[in-house]
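Chains as they are written, first to last, in the UniProt record's numbering: chain A, 1 to 261; chain B, 1 to 245; chain C, 1 to 112.
Source of the hints: derived by calculation from the structure; they are not laboratory data. Small disclaimer: the values here were computed from a predicted structure and weren't measured. Every residue gets a Cβ at the ideal spot worked out from N, C-alpha and C, and that includes glycine. There could be a bad hint or two in this list.
[Said to hold, decoys possible] Derived contacts from chain B toward chain A, CB cut-off under 7 Å, selection only: (1) P118; (2) T119; (3) H150; (4) P152; (5) E179; (6) L183; (7) I184; (8) P186; (9) N187; (10) C218; (11) E222.
[As the list claims (entries may be wrong)] The list that follows gives simulated cross-link-like pairs (lysine-lysine, DSSO-like), each with its CA atoms no further than 30 Å apart: (12) K125/B with K146/B; (13) K89/A with K230/A; (14) K146/B with K132/B; (15) K42/B with K132/B; (16) K230/A with K51/A; (17) K159/A with K47/A; (18) K146/B with K19/B; (19) K159/A with K146/B; (20) K146/B with K230/A; (21) K89/A with K51/A; (22) K47/A with K122/A; (23) K89/A with K47/A; (24) K47/A with K42/B; (25) K42/B with K19/B; (26) K51/A with K125/B; (27) K146/B with K89/A; (28) K19/B with K132/B; (29) K132/B with K47/A; (30) K51/A with K146/B; (31) K51/A with K132/B; (32) K159/A with K149/A; (33) K122/A with K24/C; (34) K146/B with K47/A.
Spelled out, the chains give:
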Amino acid sequence: MADVQNQMILRDPQLFYWILFPITFVMILTGVLRHYATVLMQSEPKKQDLKAIREQRNLLHGISLRQNLHQLPFASFLSRKNHIVAAYKRGEYLKDPSLVGQSAPNPMTDPAGMDQMMGMLKNNMAMIVPQTLIMGWINAFFSGFVIMKLPFPLTVRFKSMLQSGVATRDLDVRWVSSLSWYFLNLFGLRAVFNYILGDDNSADQMAAQMQQMQPVAGANMFGPGADPNKMFLAEVENLEVAGNQHEWVLNGVEDRVLSMY
Amino acid sequence: MGILQTLISYLSAHPQPLKNPSSSLHLAQHAPIFLSSSEATKDTQETWLVYEQLLLASLRSGDDHSARLCLQRLGDRFGVDSPRVRALTGLYDEATATSPSALEEILQRYDTILRDDPTNTAIEKRRIALLKSLGRTEEAITALTKLLQHSPTDAEAWSHLAALYRAQGLYSQSTFCLEEVLLIHPNAYNIHARLGETAYIAAGNDTEALTDAVRYLCRSVELCEWYLRGRYGPKNRGGAKRKGD
Amino acid sequence: MSLAEERELLITPIVPENVVHNTKILENIRSLTAPTLGVAAGILGLESLTGFAFYLAGSFLVSVLILLLVAGGSPKKYFRSQTDIWTHEVFGTTSLSSFVLMWTLFYNLVRA
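Okay, chain A solo, but in the shape it has when bound (with noise of 0.2 Å):
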């Protein structure tokens, strides 16, 4: 059995200038690129018409008014809520009116859906592409041998995955190849993509892909797949219920406000 204790393998300290640094770079040059790649790939915003805006922004209020409702007196909100409910009811700030009670526009011929969807096939394709590039050269030029030691232990099932290219049964899985060390960096970059590019930046393939994970709740609501009227119904619901609760945020301010002093 060999000596599990302290394997050393002596190695040119010439790998390290041709090996690790060049990967680093190339992979914080490519996260950059594609930052401002998909700056540059973004789509305007496009051009709504004016019965667009106005039913979008008419649920909104109605939205904010369900939200914010304790901060009107009783009868303010009461009167609100009726005339938005009925105007609801009614379908008066819908768009198409004739599009009542037919199913939601398909994502695939409705061209909204269409730009929606081009501008999210445009991220995904410009997070993959330069992985699987990056992948495929380090494949080619770094397999073959280990290149350095991690600090830490880990179990014998990583060995296939971390030391790629090298096929022996001895050797400790801490000597790894270089494909560990782009893995390393995929994670460990983000700091510096943080840092050099400022928050939000779209070199970050894991916030990416958390985001894809919980979708934002706003941005969708108008989407393709989505039916007005009925968003309109549920609204009319939500504030039925939410009126019962109604609790004016004045009630008792003095007494709150005397009590700082």
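Following the hints, position chains B and C against chain A.
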């Protein structure tokens, strides 16, 4: 530090320079230096924001020449037909108009633009401001209500309407508009103070309404301790309420 | 949210932009200190558990410094929950992975 940097840092320290005559004068004084410097041609987002602010500040302090230059450069960069540039051109024309008939012409122009493109909110707002300065308040109110029908989430428009109603003496409508602003910005302590003041004016001697007024002012103090207007309110109104009791 | 909590929130509202701003500051500080800790760990030649313990101790020190210097000794004014300063982003992917990256790099460079 280049002149562009100085201006940007000044603007970030004073985000609303037009509110204050001294800051707009300060900006306007820097305008000619900036315009003739080479940094003025840098094409970054901040440069153009600085241009817009300089345009407004120079108009405010009477420096029409610099304003004209700013406007020209903005037009060259973004095209004269961009909605924002059009609104700024309208603003410049209004400011430098020499007679009411010139203002009428500008109004006609706005109407044509809006007929072609009803979603141009910037022009709509300019038109309302022009109507207001021409003294045609009822038309301004009508135009504002029309704008609010398709954009009820525009807090600026609601507060403008509230001010117009107040000037006309229609206090209940004014309160309605201010409440709409509260729906959009529930923590706006200055709106609470405004509501308190409006409620006070509308109340006269009615104690119930006076209580409401005091409550609004208390809320604004609760939200923001150093807001002076909110503080001055309860002191005054509390006195009036006691007298009315 | 229960009714009492809702009332509490109504009366003393939480401004979302401020919360985001504060959290961002925390994250920025951590993204800068984590790689530095990694460099230190690598140069010192620390191995597995010792290295991670070093990271935890270092983050703890950073939290104390944040508490004293940045938050001015009263975290309640700036953060909703008291433990945010101590635990936010310490085990998050950004700082932990940059720590590991720098640690590995310098461990190999120095140790040869």
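Legend entry - Contradicted hints - numbers only: The structure breaks hints 9, 15, 17, 19; every other hint is satisfied.
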